[in-house]
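Q: Now for the letters of each chain:
Number of protein chains: 2
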Amino acid sequence: MAKTASISTGALEIAERVRAGDVRTTARLMRNLDDGSPEAVEVLRALFPHTGNAYVIGITGSPGAGKSSITDRLIAWYRKQGKTVGVVAIDPTSPFSGGAILGDRIRMQDHALDPGVFIRSLATRGSLGGLSRATADVTRVLDAMGKDVIIVETVGVGQDEIDVASLAHTTVVVVVPGMGDDIQAIKAGILEVADVFAINKADREGADRTERELRAMIELRHVTAPVDHDKHHRFTPTGPATARGEDYSWEPPIVRTIATRNEGFDALAGAIEKHREHLESAGGKLAREATRARMEFLAILRERLVRSALERIAREQGALDELAARIARKETDPYALAEDVAARLR
Amino acid sequence: MAKTASISTGALEIAERVRAGDVRTTARLMRNLDDGSPEAVEVLRALFPHTGNAYVIGITGSPGAGKSSITDRLIAWYRKQGKTVGVVAIDPTSPFSGGAILGDRIRMQDHALDPGVFIRSLATRGSLGGLSRATADVTRVLDAMGKDVIIVETVGVGQDEIDVASLAHTTVVVVVPGMGDDIQAIKAGILEVADVFAINKADREGADRTERELRAMIELRHVTAPVDHDKHHRFTPTGPATARGEDYSWEPPIVRTIATRNEGFDALAGAIEKHREHLESAGGKLAREATRARMEFLAILRERLVRSALERIAREQGALDELAARIARKETDPYALAEDVAARLR
Numbered sequence: 001m002a003k004t005a006s007i008s009t010g011a012l013e014i015a016e017r018v019r020a021g022d023v024r025t026t027a028r029l030m031r032n033l034d035d036g037s038p039e040a041v042e043v044l045r046a047l048f049p050h051t052g053n054a055y056v057i058g059i060t061g062s063p064g065a066g067k068s069s070i071t072d073r074l075i076a077w078y079r080k081q082g083k084t085v086g087v088v089a090i091d092p093t094s095p096f097s098g099g100a101i102l103g104d105r106i107r108m109q110d111h112a113l114d115p116g117v118f119i120r121s122l123a124t125r126g127s128l129g130g131l132s133r134a135t136a137d138v139t140r141v142l143d144a145m146g147k148d149v150i151i152v153e154t155v156g157v158g159q160d161e162i163d164v165a166s167l168a169h170t171t172v173v174v175v176v177p178g179m180g181d182d183i184q185a186i187k188a189g190i191l192e193v194a195d196v197f198a199i200n201k202a203d204r205e206g207a208d209r210t211e212r213e214l215r216a217m218i219e220l221r222h223v224t225a226p227v228d229h230d231k232h233h234r235f236t237p238t239g240p241a242t243a244r245g246e247d248y249s250w251e252p253p254i255v256r257t258i259a260t261r262n263e264g265f266d267a268l269a270g271a272i273e274k275h276r277e278h279l280e281s282a283g284g285k286l287a288r289e290a291t292r293a294r295m296e297f298l299a300i301l302r303e304r305l306v307r308s309a310l311e312r313i314a315r316e317q318g319a320l321d322e323l324a325a326r327i328a329r330k331e332t333d334p335y336a337l338a339e340d341v342a343a344r345l346r
Numbered sequence: 001m002a003k004t005a006s007i008s009t010g011a012l013e014i015a016e017r018v019r020a021g022d023v024r025t026t027a028r029l030m031r032n033l034d035d036g037s038p039e040a041v042e043v044l045r046a047l048f049p050h051t052g053n054a055y056v057i058g059i060t061g062s063p064g065a066g067k068s069s070i071t072d073r074l075i076a077w078y079r080k081q082g083k084t085v086g087v088v089a090i091d092p093t094s095p096f097s098g099g100a101i102l103g104d105r106i107r108m109q110d111h112a113l114d115p116g117v118f119i120r121s122l123a124t125r126g127s128l129g130g131l132s133r134a135t136a137d138v139t140r141v142l143d144a145m146g147k148d149v150i151i152v153e154t155v156g157v158g159q160d161e162i163d164v165a166s167l168a169h170t171t172v173v174v175v176v177p178g179m180g181d182d183i184q185a186i187k188a189g190i191l192e193v194a195d196v197f198a199i200n201k202a203d204r205e206g207a208d209r210t211e212r213e214l215r216a217m218i219e220l221r222h223v224t225a226p227v228d229h230d231k232h233h234r235f236t237p238t239g240p241a242t243a244r245g246e247d248y249s250w251e252p253p254i255v256r257t258i259a260t261r262n263e264g265f266d267a268l269a270g271a272i273e274k275h276r277e278h279l280e281s282a283g284g285k286l287a288r289e290a291t292r293a294r295m296e297f298l299a300i301l302r303e304r305l306v307r308s309a310l311e312r313i314a315r316e317q318g319a320l321d322e323l324a325a326r327i328a329r330k331e332t333d334p335y336a337l338a339e340d341v342a343a344r345l346r
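Chains as they are written, first to last, in my numbering: chain D, 1 to 346; chain P, 1 to 346.
Take the hints with a grain of salt, since some may be wrong.
[Said to hold, decoys possible] Okay, derived cross-link-like pairs now, DSSO-like style, lysine-lysine, Cα gap no bigger than 27 Å in a straight line:
id : chain 1 : residue 1 : chain 2 : residue 2
1  : D       : Lys83     : D       : Lys285
2  : D       : Lys83     : D       : Lys274
3  : D       : Lys285    : P       : Lys330
4  : D       : Lys330    : P       : Lys285
5  : P       : Lys285    : P       : Lys80
6  : D       : Lys330    : P       : Lys83
7  : D       : Lys83     : P       : Lys330
8  : P       : Lys285    : P       : Lys274
[Claimed, not checked] Quick look at which bits of chain D chain P covers, simulated, 3 or more residues with Cβ under 8 Å:
id : region
9  : 45-55
10 : 282-293
11 : 302-308
12 : 328-340
Derived from the structure by calculation, the hints contain no laboratory data. Given the structure is predicted, the values throughout are model-derived calculations rather than measurements. Backbone N, C-alpha and C define an ideal beta-carbon position, used for all residues, glycine too.
Based on the sequences and whatever the hints tell you, model everything.
A: Printed below as a string of structure tokens:
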């Protein structure tokens, strides 16, 4: 192992202020991390040993399922228990990300004034795969800040979004009754990351049917061979320390909620708590931490490699746009060019 | 420019068979590309000079909007015009990807038996950002195969999915009436890539309101400054050859369709054709080709760099899982580790 750069006194001081709960310093740090500041990364490295205490909950599901309302109610629920809460909103339709209709946004103001709650929204249109890295960074900062619970809210459709969900200790998949297509989408990818299902808007027609369909899918999970994600260096929901079989011993509970009326949140929080106990008793928490670490490492490495490659291209081979134009004019092909750039980096 | 590896005779022969329309060879090539075979990449490089003739149409929108039905109807429409069609389906809910309800899947069989149609589905859960690369590869192969029109169907929510949409010459964003959340999601990212809007299920209540909302959003686009995607090395919908202002001279038409009844497809195909003419007359086609080339190059470079980094890690530093476990145990932090790995690659 090569020795890594030591952390400056300045970075250590900023880290101390973040750990003391200084909101301004924390907000500035998050902005600087977004801008790719090397100093901010130093602070993050200083914070790293003080992380791992927060419980991370992922909230995912299709647009319109009510993820933000559920996040909102969960914040209130945990606050009532005296817990501090961090929120990372990556859902473009989330009021936390500024994408909500007026009524919602006003409601969120309650939390904005609560010092026990820190909300950070991230754009879904980030850098090259930088969404996973940015989410991991913000989660670590909130963790080091001492937040007891961190809620990561994300649209559960894209592949990066599913990666983000796998950052969580407990992932809640939100569905609504009567959306056949939603169930299809879940089948296609989200099922594997679901630890708890919430049927929101449960007063709508079709809730029974949705629950039956979910139960059938969960049953199927027992007989279906797990997908070999690693074939593509994929972040898997289970770490190596957890045998696949062990993970399947957890049967995702199905909880019904009506977020608009604040109904079902004792049950939802209870289901999350049960999963937490299951993880801890089965040694799964460390495995999830390893998965999280793996995802963070790969996201950082990927961004790091591409960033330095692009800098080098800009220095040595002219602007990226000129390279693209050469490909478009068929003077070269993208594979040859990528090979050439990679060879020069060596 | 360093010289790049020459292409073997074997690869050239396979490329010839693909260009001659050999379905088996093409299907095998696509599988081999998925598996990361270096020989398959050689074939792709041999095919590259013969690409750029197909017109690429992106179909995107939320789950449940009816993208697959629209794709289905467009295939039929172009076939009636005597055009050959390639389809790349990346939508997990698409019947083309095997995710459909029975009725849909049976309907698709029509095209499966038509030699003028080649359909390839891709898993959304690919490699590290490999979705863009895989889509670009398949599109190039279909292009070299001589398909006149290539339809890329993708869920328009995740960031990779939006990138994929930007591969297209014309991107159709599908919305359905009465889904306020959809409009929110569109606001948040898809609007910028929309060249044509299709209001599908237009017989549903609320179609007028949806159209009004879309028109208002398009109006706003004129007064809103374009987002600086390049800050994060983002793939922009417009290439450098196109002035930003020029691109905004295209006002996305709004077309109503009822895919289940095959209504509105002359209008939709007409709107696509009009955009094609606009692109060609304004010199925008070359700019889009450059954007496509840029996206392909970055996707390939990214995957290439991460793949070789991971191989090196496996050789020199033990399994990735062991590294992740060390981070989880707080023996190191992911930034230090990524820095270390990147330094060793140099």
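Q: Is the straight-line distance between the alpha-carbon of Lys330 (chain D) and that of Lys285 (chain P) 27 Å or less?
A: Holds, at roughly 14 Å.
Q: Taking 8 Å as the C-beta cutoff, is the stated coverage of the region 328-340 of chain D by chain P satisfied by three or more residues?
A: Check passed, 11 qualifying residues.
Q: Do the alpha carbons of Lys83 (chain D) and Lys330 (chain P) lie within 27 Å of each other, as the hint requires?
A: At roughly 25 Å apart (the allowed maximum being 27 Å), Lys330 (chain P) and Lys83 (chain D) satisfy the hint.
Q: Three residues minimum, CB to CB under 8 Å: does the region 282-293 of chain D make the cut for coverage by chain P? Let me know.
A: The restraint on the region 282-293 of chain D holds, since 6 of its residues have a Cβ under 8 Å from chain P and three suffice.
Q: Compare the distance between the alpha carbons of Lys83 (chain D) and Lys274 (chain D) with 27 Å, and conclude whether the hinted pair is satisfied.
A: Roughly 17 Å separates the two Cα atoms, so the pair holds.
Q: Please verify the coverage claim for the region 302-308 of chain D: does it have three or more residues whose C-beta sits within 8 Å of some C-beta in chain P?
A: holds (count 6)
Q: Taking only the CA atoms, is the gap from Lys330 (chain D) to Lys83 (chain P) under or equal to 27 Å?
A: Answer holds: Lys330 (chain D) to Lys83 (chain P) is near 25 Å, not above 27 Å.
Q: Is Lys285 (chain P) close enough to Lys80 (chain P), meaning Cα to Cα at most 27 Å?
A: holds, 25 Å
Q: For the pair supplied as a hint, Lys83 (chain D) and Lys285 (chain D), confirm whether the alpha-carbon distance does not exceed 27 Å.
A: Between Lys83 (chain D) and Lys285 (chain D) the Cα gap is close to 20 Å, so the pair holds against 27 Å.
Q: Lys285 (chain D) and Lys330 (chain P): Cα distance at most 27 Å?
A: Since the Cα atoms of Lys285 (chain D) and Lys330 (chain P) sit roughly 14 Å apart, the hinted pair holds (cutoff 27 Å).
Q: Count residues of the region 45-55 of chain D with a Cβ under 8 Å from any Cβ of chain P, then say if the count reaches three.
A: holds (count 4)
Q: Is the hinted pair Lys285 (chain P) and Lys274 (chain P) satisfied, with a Cα-Cα distance of at most 27 Å?
A: Distance ~13 Å between Lys285 (chain P) and Lys274 (chain P) Cα, so the pair holds.
The structure shown violates none of the earlier numbered hints.
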